[in-house]
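Undergrad: With the hints as constraints, model all of the structure from the sequences given.
Protein chains: 2
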Amino acid sequence: MSDALPFDTALLDKLAEAVVRTGLNVSEGQNVFLTGSAEALPLIRRVAREAYKAGAGIVVPVLSDEDLTRARMELARDEALDAAPAWLYQGVAQAFEDNWARCHIAADNPMALADQDPARVARAARANSKAYKPAMAKIANFEINWSIAAYPGRAWAEQVFPDLDADAAQAALAQAIFKASRVDVEDPVAAWAEHNVELARRRDWLNAQRFDALHFRSEGTDLTVGLADGHLWAGGAAEAKNGIVCNPNMPTEEVFTTPHKMRVSGRARASKPLAYQGTLIDGIEVVFEDGRITEARASRGEQAFLNLLDTDEGARRLGEVALVPHASPISQSGVLFYNTLFDENAACHIALGNCYTECLEDGGALTGDALAARGGNESLVHVDWMIGAKDTEIDGIAADGTRVPVFRGGNWAD
Amino acid sequence: MSDALPFDTALLDKLAEAVVRTGLNVSEGQNVFLTGSAEALPLIRRVAREAYKAGAGIVVPVLSDEDLTRARMELARDEALDAAPAWLYQGVAQAFEDNWARCHIAADNPMALADQDPARVARAARANSKAYKPAMAKIANFEINWSIAAYPGRAWAEQVFPDLDADAAQAALAQAIFKASRVDVEDPVAAWAEHNVELARRRDWLNAQRFDALHFRSEGTDLTVGLADGHLWAGGAAEAKNGIVCNPNMPTEEVFTTPHKMRVSGRARASKPLAYQGTLIDGIEVVFEDGRITEARASRGEQAFLNLLDTDEGARRLGEVALVPHASPISQSGVLFYNTLFDENAACHIALGNCYTECLEDGGALTGDALAARGGNESLVHVDWMIGAKDTEIDGIAADGTRVPVFRGGNWAD
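Protein chains in written order, with the UniProt record's numbering: chain A, 1 to 414; chain B, 1 to 414.
Worth flagging that the hints you see were computed from the coordinates, not collected in a lab. Using N, Cα and C, we set each Cβ at its ideal position, and we do this for glycine too. Mixed in with the good hints, there may be bad ones.
To be verified - Lysine to aspartate or glutamate pairs mimicking EDC-like chemistry, simulated, CA-CA at most 16 Å apart:
#  : chain 1 : residue 1 : chain 2 : residue 2
1  : A       : Lys-53    : B       : Asp-222
2  : B       : Lys-53    : A       : Glu-358
3  : B       : Lys-390   : B       : Glu-198
4  : A       : Lys-130   : A       : Asp-312
5  : B       : Lys-138   : B       : Glu-97
6  : A       : Lys-138   : A       : Glu-358
7  : B       : Lys-53    : A       : Glu-74
8  : A       : Lys-53    : B       : Asp-67
9  : A       : Lys-53    : B       : Glu-97
10 : B       : Lys-53    : A       : Glu-79
11 : B       : Lys-53    : A       : Asp-67
What the hints assert, rightly or not - Short derived list, chain A residues pointing at chain B, Cβ under 8 Å:
#  : residue
12 : Arg-49
13 : Val-60
14 : Ala-83
15 : Pro-85
16 : Val-335
17 : Leu-336
TA: Right under this line is the structure:
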């Protein structure tokens with residue numbers, strides 16, 4: 001394996017080890033489904049080697065390529081955008097059924113499709129989400145151990161560091177990823193164990209409070225987010241239904257739960273831009289009434305945002321609410337990654353669309369009316385966007401109306 | 001799309017166009033399953049673009065990587081070598097069921113696994129072939145249009161041209177591929193149409209003869225190959241069962257048919273080395289009795305060859321016999337490609353293993369006893385190896401024993 005990369009590949013080795021040992025926690029004989037763009041092969045290869053060292057059965061890659069995606073947007077006929085590889089996604093669902101672990105390495109340029117027709121991008125995305133639903137449901141229901149980590153793709157790096165040349169930008173993004181992913185230390189696996197203890201402490205405190213709702217206030221935001229009946233807070237390491245404790249996101253700084261799809265009201269302003277399907281959406285402002293977005297605008301990429309809301313009925317309602325202090329290392333780095341895996345860990349956020357049933361007591365098997373009765377939302381999409389800022393104040397509201405300070409001045413109140 | 005490649009990418013454009021228009025002949029709205037190693041992306045991207053221009057629905061890539069394959073051979077535990085992605089291959093079979101076209105771009109280093117334990121390589125290959133069988137059967141039965149073409153991978157190029165530096169070797173292999181694939185001309189699609197007419201003329205002559213057997217003689221070879229009952233000769237463009245006329249191999253110089261699995265006798269010596277699963281097998285000599293190989297040796301890679309023969313009962317019997325004149329352009333180039341797609345088109349060859357039911361009258365639905373009754377062979381493998389040389393003489397033997405000269409001095413007798 002030879003790489004000519006403008007950054008320290010010893011840290012790539014450490015990241016691969018952390019992904020396999022802590023992120024996935026691959027079990028003896030378990031097979032691994034490994035996705036990512038071909039550009040990320042330097043990390044994908046290392047993850048595969050670490051997985052085999054950990055006793056994995058077979059690691060099966062399905063690699064993507066930005067140019068192939070772009071070629072379709074540029075050249076495919078309109079009606080051809082409704083095509084999707086249902087056979088592949090049904091296969092992936094079967095793999096999860098057969099207890100395969102899932103690993104994804106994010107490396108794509110968040111702006112890859114910025115110059116494409118948003119209506120065409122949305123049409124293709126909708127067909128893809130629909131076909132992917134059986135597999136996605138198993139991830140959303142946390143049936144198997146899975147993890148997403150990142151590799152510093154060059155086009156992505158140039159987006160994040162536009163003033164640097166390509167090599168310097170890739171090196172800077174690599175450093176930011178290694179730091180945020182807590183692998184720039186002597187023993188990343190131990191550092192992650194410690195970090196997971198701290199996230200568990202926050203999670204357990206929130207679960208003990210049994211809040212009925214959270215009230216967010218910051219400049220442009222005054223939003224009350226009701227929580228689903230029997231909601232559970234999650235954060236950091238968690239046990240999948242196959243019994244394996246994994247860290248689904250590397251990095252992660254959030255504790256999160258399932259909001260009540262009918263009990264969200266007020267207004268929210270995004271505190272950071274959102275990169276969605278290759279388009280930058282900035283200056284989002286929305287109004288919620290009875291859980292549903294009734295007004296929406298954006299100062300940039302508005303059409304892409306409106307298309308997202310029109311995906312299905314559930315795309316206008318919340319599927320997640322997450323708390324991240326402004327003091328989080330990713331927030332303090334000041335780097336805007338244009339990638340939700342990182343940016344959501346720099347600020348409190350909400351997600352439009354599908355909820356995580358793992359964040360509901362006995363929620364695993366719930367769908368349709370039974371899920372809706374608890375306040376759980378269903379949708380083809382799940383899109384996080386950031387509302388937390390340095391002035392964010394959050395109160396927890398108990399069923400009797402009592403208020404408990406949760407965040408003050410952007411950080412945990414305690 | 002930017003490439004820094006040491007050869008003329010205009011010919012890569014022409015190859016992509018020939019693959020899509022002539023090789024696959026993608027039909028309006030048809031989806032395409034596109035495989036190959038990530039290294040071949042410069043051609044894979046061009047094939048995808050040409051496919052979209054031709055009206056394809058969606059082109060879905062599943063890319064491989066030699067290092068990932070090698071990592072498994074080096075690191076996976078022995079029992080883990082029995083794992084295979086059945087869910088992926090069942091998906092691929094479903095894709096063919098749904099009329100997806102199949103395109104493969106070959107670029108791999110034929111020696112990639114030469115330093116690995118042949119028993120481990122064979123164990124993994126066997127598990128993979130078994131899982132792949134449902135999809136492979138649909139290719140073998142020619143249910144959909146498919147095509148294989150080649151891209152000059154660097155490690156492959158260094159194997160073919162060991163005396164050149166990496167760039168020069170890749171350029172030399174590129175030139176050899178473009179020439180053999182008939183795209184180094186003004187209008188490759190027209191050149192292929194002409195070539196297909198010539199192959200059809202040979203095919204039709206052989207079909208009119210209704211030979212009972214062929215008798216091959218050359219140095220080290222004296223082999224009588226009985227032909228299956230109701231065998232059909234094929235070559236060049238052919239119509240798949242979905243009604244689409246395609247060229248499954250680019251290049252192709254052969255006319256071929258299905259031998260009788262019980263009626264092959266005599267001895268055969270390979271005239272070229274065979275690269276099989278990353279191992280070079282040279283100096284093959286075998287003895288057939290009643291269709292079955294009863295003695296086998298090789299001067300290099302013998303264990304890999306013996307493992308191949310032990311795959312299953314059908315791996316010791318023939319599934320194909322093919323005629324290629326010594327005057328073929330690939331033979332005349334003098335290049336040994338270490339890749340069957342090319343080397344089989346430089347010489348007459350036989351294939352161990354599974355037969356093509358398309359080469360039997362009304363053979364499409366035949367399996368098991370019904371297929372065996374006609375002489376058709378079944379196996380998990382299909383491996384071609386070359387027996388043709390400059391001194392090859394072939395007689396066609398009619399049912400009444402009459403002999404007709406087919407090849408003299410390595411070339412067509414007429």
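Undergrad: Could you run down the list of hints and mark each one as holding or not?
TA: Evaluation of the provided hints:
{"no.": "1", "hint": "A/Lys-53 x B/Asp-222", "verdict": "violated, 50 Å"}
{"no.": "2", "hint": "B/Lys-53 x A/Glu-358", "verdict": "violated, 44 Å"}
{"no.": "3", "hint": "B/Lys-390 x B/Glu-198", "verdict": "violated, 21 Å"}
{"no.": "4", "hint": "A/Lys-130 x A/Asp-312", "verdict": "holds, 11 Å"}
{"no.": "5", "hint": "B/Lys-138 x B/Glu-97", "verdict": "holds, 8 Å"}
{"no.": "6", "hint": "A/Lys-138 x A/Glu-358", "verdict": "holds, 11 Å"}
{"no.": "7", "hint": "B/Lys-53 x A/Glu-74", "verdict": "holds, 10 Å"}
{"no.": "8", "hint": "A/Lys-53 x B/Asp-67", "verdict": "holds, 15 Å"}
{"no.": "9", "hint": "A/Lys-53 x B/Glu-97", "verdict": "violated, 38 Å"}
{"no.": "10", "hint": "B/Lys-53 x A/Glu-79", "verdict": "holds, 14 Å"}
{"no.": "11", "hint": "B/Lys-53 x A/Asp-67", "verdict": "holds, 15 Å"}
{"no.": "12", "hint": "Arg-49", "verdict": "holds, 5 Å"}
{"no.": "13", "hint": "Val-60", "verdict": "holds, 5 Å"}
{"no.": "14", "hint": "Ala-83", "verdict": "holds, 4 Å"}
{"no.": "15", "hint": "Pro-85", "verdict": "holds, 5 Å"}
{"no.": "16", "hint": "Val-335", "verdict": "violated, 27 Å"}
{"no.": "17", "hint": "Leu-336", "verdict": "violated, 26 Å"}
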